[in-house]
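*Asks:* The listed protein sequences derive, respectively, from chains Z and W.
Those letters in the first sequence? Residues 1 to 657, per the UniProt record's numbering, in order.
Those letters in the second sequence? Residues 1 to 299, per the UniProt record's numbering, in order.
The set of hints was computed from the structure by calculation and includes no laboratory data.
Worth double-checking, as some hints may not be accurate.
Simulated crosslink set (BS3-like; lysine-lysine; CA at most 27 Å straight-line) [claimed, not checked]: (1) Z:K337 / W:K13; (2) Z:K328 / W:K98; (3) W:K98 / Z:K10; (4) Z:K91 / W:K10; (5) W:K54 / Z:K328; (6) W:K123 / Z:K9; (7) W:K122 / Z:K106; (8) W:K98 / Z:K106; (9) W:K122 / Z:K9; (10) W:K52 / Z:K106; (11) Z:K624 / Z:K584; (12) Z:K624 / Z:K582; (13) Z:K277 / Z:K337; (14) Z:K277 / W:K122; (15) Z:K277 / W:K13.
Just the calculated beta-carbon pair ranges, DEER-fashion [said to hold, decoys possible]: (16) W:E12 / Z:K14: 50 to 60 Å; (17) W:E12 / Z:I247: 29 to 39 Å; (18) Z:Q327 / W:E204: 45 to 55 Å; (19) W:P159 / Z:K14: 57 to 67 Å; (20) Z:M41 / W:R126: 40 to 50 Å; (21) Z:K277 / W:P15: 15 to 25 Å; (22) Z:I33 / W:V81: 56 to 66 Å; (23) W:E204 / Z:L201: 25 to 35 Å; (24) Z:I132 / W:V81: 43 to 53 Å.
No residue lacks a Cβ here, since even glycine has one placed at the ideal position from N, Cα and C.
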Amino acid sequence: MQSRTFYFKKELLKQSFRTTGWIGIAYFIALTIILPLQVVMDISAERDEYNTYYFERVDDLFDINGPLQIITILTVPFLAGIFAFRYIQVKGSADFIHSLPLSRNKLFHHHFLVGYAMVVIPVIVTGLILYIMSNTMDVEELFLQRDVGVWLFFTVIIVSLMYSFTVLAGGITGVSAIQGMLSYIFLIFPVGIVYLIFFNLEMLLSGFSPGYLWEENYSGWSPIVQSVFFFESGEIDYNVMWIYAVIAVICYLIALVLYRCRPVEAASQTLIFHYLKPIFKIGVTFCFMLLFGTYFGMVQEQYIGWITFGYIFGALLGYLIAEMLIQKTWRVFGEWKGFFIYIGISLLVLASLVFDWFGYETRVPQAGEVEGIQIIDFVSYYDDPSVEFDELPKIEDEKLIKLITEFHQEIIDTGTLDRDWQSDSSEIYINYYLDNGTNIKRQYFIPSVKEFKEYLKPVYENEIFRKNSRHWLFSEKTDVKNIRIHTYRDDAVISNTLESRLMDALREDYLNASFEEIMAGEESILTIEFELEDNNYYSPFIDVPRSYTNTMDLLEKEGFHKFTDLTEQETVMIAVKNESSKLKYLHEVPFTDASKLKDVFVTQDLNQIEQIVKLEKEYDYDGKWTIAAFGPGRDEYITSFTVNEEQLPAFVKDYFK
Amino acid sequence: MILMQNVNKKFEKDPILNNVSLNVNKGSIYGLLGSNGAGKTTLLKTMAGIIKQKSGTVEIEQKPVFENYSIKERLIFIPDVLFFFSQYTTRQMANFYKNMYPNWNNDRFTQMQLLLDLDPDKKIHRFSKGMQRQVAFWLALCAMPDYLILDEPFDGLDPVIRKKIKSWVIQDVADREMTVVVSSHNLSEVEDICDAVGIIHRGELLLEKELDDLKSDIHKVQLAFKQEVSEDIYQGLDVLHKEKRGSVHVCIIRDDYYEIEKQMEPYDPVVFDILPLTLEEIFIYEMEGAGYAIENILL
Numbered sequence: 001m002q003s004r005t006f007y008f009k010k011e012l013l014k015q016s017f018r019t020t021g022w023i024g025i026a027y028f029i030a031l032t033i034i035l036p037l038q039v040v041m042d043i044s045a046e047r048d049e050y051n052t053y054y055f056e057r058v059d060d061l062f063d064i065n066g067p068l069q070i071i072t073i074l075t076v077p078f079l080a081g082i083f084a085f086r087y088i089q090v091k092g093s094a095d096f097i098h099s100l101p102l103s104r105n106k107l108f109h110h111h112f113l114v115g116y117a118m119v120v121i122p123v124i125v126t127g128l129i130l131y132i133m134s135n136t137m138d139v140e141e142l143f144l145q146r147d148v149g150v151w152l153f154f155t156v157i158i159v160s161l162m163y164s165f166t167v168l169a170g171g172i173t174g175v176s177a178i179q180g181m182l183s184y185i186f187l188i189f190p191v192g193i194v195y196l197i198f199f200n201l202e203m204l205l206s207g208f209s210p211g212y213l214w215e216e217n218y219s220g221w222s223p224i225v226q227s228v229f230f231f232e233s234g235e236i237d238y239n240v241m242w243i244y245a246v247i248a249v250i251c252y253l254i255a256l257v258l259y260r261c262r263p264v265e266a267a268s269q270t271l272i273f274h275y276l277k278p279i280f281k282i283g284v285t286f287c288f289m290l291l292f293g294t295y296f297g298m299v300q301e302q303y304i305g306w307i308t309f310g311y312i313f314g315a316l317l318g319y320l321i322a323e324m325l326i327q328k329t330w331r332v333f334g335e336w337k338g339f340f341i342y343i344g345i346s347l348l349v350l351a352s353l354v355f356d357w358f359g360y361e362t363r364v365p366q367a368g369e370v371e372g373i374q375i376i377d378f379v380s381y382y383d384d385p386s387v388e389f390d391e392l393p394k395i396e397d398e399k400l401i402k403l404i405t406e407f408h409q410e411i412i413d414t415g416t417l418d419r420d421w422q423s424d425s426s427e428i429y430i431n432y433y434l435d436n437g438t439n440i441k442r443q444y445f446i447p448s449v450k451e452f453k454e455y456l457k458p459v460y461e462n463e464i465f466r467k468n469s470r471h472w473l474f475s476e477k478t479d480v481k482n483i484r485i486h487t488y489r490d491d492a493v494i495s496n497t498l499e500s501r502l503m504d505a506l507r508e509d510y511l512n513a514s515f516e517e518i519m520a521g522e523e524s525i526l527t528i529e530f531e532l533e534d535n536n537y538y539s540p541f542i543d544v545p546r547s548y549t550n551t552m553d554l555l556e557k558e559g560f561h562k563f564t565d566l567t568e569q570e571t572v573m574i575a576v577k578n579e580s581s582k583l584k585y586l587h588e589v590p591f592t593d594a595s596k597l598k599d600v601f602v603t604q605d606l607n608q609i610e611q612i613v614k615l616e617k618e619y620d621y622d623g624k625w626t627i628a629a630f631g632p633g634r635d636e637y638i639t640s641f642t643v644n645e646e647q648l649p650a651f652v653k654d655y656f657k
Numbered sequence: 001m002i003l004m005q006n007v008n009k010k011f012e013k014d015p016i017l018n019n020v021s022l023n024v025n026k027g028s029i030y031g032l033l034g035s036n037g038a039g040k041t042t043l044l045k046t047m048a049g050i051i052k053q054k055s056g057t058v059e060i061e062q063k064p065v066f067e068n069y070s071i072k073e074r075l076i077f078i079p080d081v082l083f084f085f086s087q088y089t090t091r092q093m094a095n096f097y098k099n100m101y102p103n104w105n106n107d108r109f110t111q112m113q114l115l116l117d118l119d120p121d122k123k124i125h126r127f128s129k130g131m132q133r134q135v136a137f138w139l140a141l142c143a144m145p146d147y148l149i150l151d152e153p154f155d156g157l158d159p160v161i162r163k164k165i166k167s168w169v170i171q172d173v174a175d176r177e178m179t180v181v182v183s184s185h186n187l188s189e190v191e192d193i194c195d196a197v198g199i200i201h202r203g204e205l206l207l208e209k210e211l212d213d214l215k216s217d218i219h220k221v222q223l224a225f226k227q228e229v230s231e232d233i234y235q236g237l238d239v240l241h242k243e244k245r246g247s248v249h250v251c252i253i254r255d256d257y258y259e260i261e262k263q264m265e266p267y268d269p270v271v272f273d274i275l276p277l278t279l280e281e282i283f284i285y286e287m288e289g290a291g292y293a294i295e296n297i298l299l
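My request is simple: use the sequences and hints to build the entire structure.
*Replies:* Listed below in structure tokens is the structure:
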């Protein structure tokens, strides 16, 4: 006789394995091919192959077939969750299983465990294989022993979360397809809804400020988005991982509770608990409304009529889709009461935003009630993880505060500004700290900073503004791995001994630069990029124009002529234009039809080039003539600079006569 | 014994069971009759502890059935649409049952195999519908249940198999005092095995009777007289139904055989027959008395 004290029923486990086993086996085979086998193939290949790893930046296990790993993470746990609990979604099997002399707790645990094993065992076994490989084979160039632990930790937690979440989703629906759909939707939903709400508020409320790179800040809210992000950046946020682990356990507990109060007869119903139906309907309607509003807003350039159309159309579509899913038929054209109530309320909300009933758009604080202002140009800002955004120094100079409030008022008076990117466009963020302890945060797109020169020149010349905008350049915590200098053709790494001198020179030049010099981004002669220790993903950089004399001199003294001196570079074409030329940017010359270049002087004559290139060192920022140099590569733009008319050689002047 | 009291059940907003109370004695066979959609299946599933009633009590041996695995170990429910795990053979299914039901009897399994002449190593879904039903009974009876709940068990079976299955069930009832509940929409299908019958209609239990009681004291009486007689002849008798066909009076009387004979004798009828009723006729008249036309409820 079988032992009756044993909690698990062998035959039930067997049966469950018969329905889900294929997932585990397929997952294991997939993982083996993706990781250990790939590693074996790579190290058995010729030694040269190693070089590709340097260029592809393979330095841990996430970089080996990363996209395939993501695909398995985004499919296997969902399949396992669906198939492990498939029996409760089918009437016959649901009745049969629940007629057995087993408590619901027991049934749940049997099936949960078997499904979970299909997800976790392949990962652990693969981890074990990789661990053995790291001890016995020469794989250091691909991954280290430590990487195996990190990979295992990450993968186990992510698949556990996805799996237990899918099981939870199965607890509220009686249809397997809906179960899969709901799990994906809810795992993306928190991020998606924040994105949609913020996108829509940005469209509807001029000045709305979601913050710097806010898309990234919310990615942790969705494990799906987050894990894709992890694979891209190679950086694992351990806090987030522990939170995911806790959420996985919570999902498991809620799924258990739902299972216990689940009516067996609900198999094949879209939603099991009828009070979820209105929530589901409103949710789907709302999401579709925002989605279509965003779509029409983006396609039709934020014209309010099209946005409203998008809202109404999206809401209608969402409402019908929700109704179709609940009733499981597409013929659902009877019930409109709920829809009209919904549309009524949303139009009211929409009107309150469009007509600004709360005075959000027009609110500008009096200069007197402002203690300090953080004003930042998001375009040149780089998010330094060592500094909290809100802790950046504030501008407290009263004159400047007054000017900024006037600037703010000017933007409001000007009305909507076109989102048309130009070389001097900027995203200006203003955060007022008021006397009464509250804040007002606004964010505006400025198509052309030069057009607001009257207000922005003093701001851009303010030291606090400058330091905040390139905080990483001044922070002591910035941990620089490498400094690289680039031109369009070459790049080089600066030696360690030169690093601190170069940074000092750059700081001095940057702080002393005039507004005009700062805005002369296009005329930069080279770019200096800072590779940081704690971020492989993004490196801050600074464009260096000729006027950064300290930096230029230093580089020249240290033998970087190739980068600082245009005459040292191989220029094969020169284009010259003046203010009246129709062509806006000279770097477009190689792509522009000759018929449109009549008011631009273009030459490939080496003599002429030599004469013009020399002018680069005598640049004049106030000059009305722009000169661009191009290299031998196809469409290769090197730099451009401005000069005044007297400096031009005669043959150019002749051309424009 | 199985006891249900004031059981209510709703699906969404539709009431399926409405204050159902019934009582099945130990070792008896209870027939649950009702047309399609009357709530038979729901009632049986509630009885088997598969679904939970909204209110009221469902007890077996004075203990609630729902989530009570010590009772469910001795209870088997065979649904109208049979369920087997896909790709399973009878032997695999038997192993599953053996693991689930502690009273599983392996000797009986091999014994019945000889009787049935089915290959236990063949996949069940390859069997015909009738064979599958035999497999279901085979498995169920080998689990040696004390309670067997059958939903439309004879639907679509040929008479030979039907008889065979009935005899197995009756044998277990006789040998081990197994309690059986069997549902059907056809009275004649179950009347030969039932000890008691309940009729369910639109979620309500209209009637519950022991068959022996019913059959013994309801009679169909045919009378003809030479001369006209008044209504007085029926005085003192419980007449359920009466009609006159030409000069013949036909009535259904619930009373003792001899009482009826004694009462009619003085009027000197020319024709005087006292006939037993078929079960179906009894129900028709009983229900008529309760205000229902049985044709609408049962076949």
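*Asks:* Of the hints given before, which are not true for this structure?
*Replies:* Result: hints 2, 7, 14, 16, 18, 19, 22, 23 break, sorted rising.
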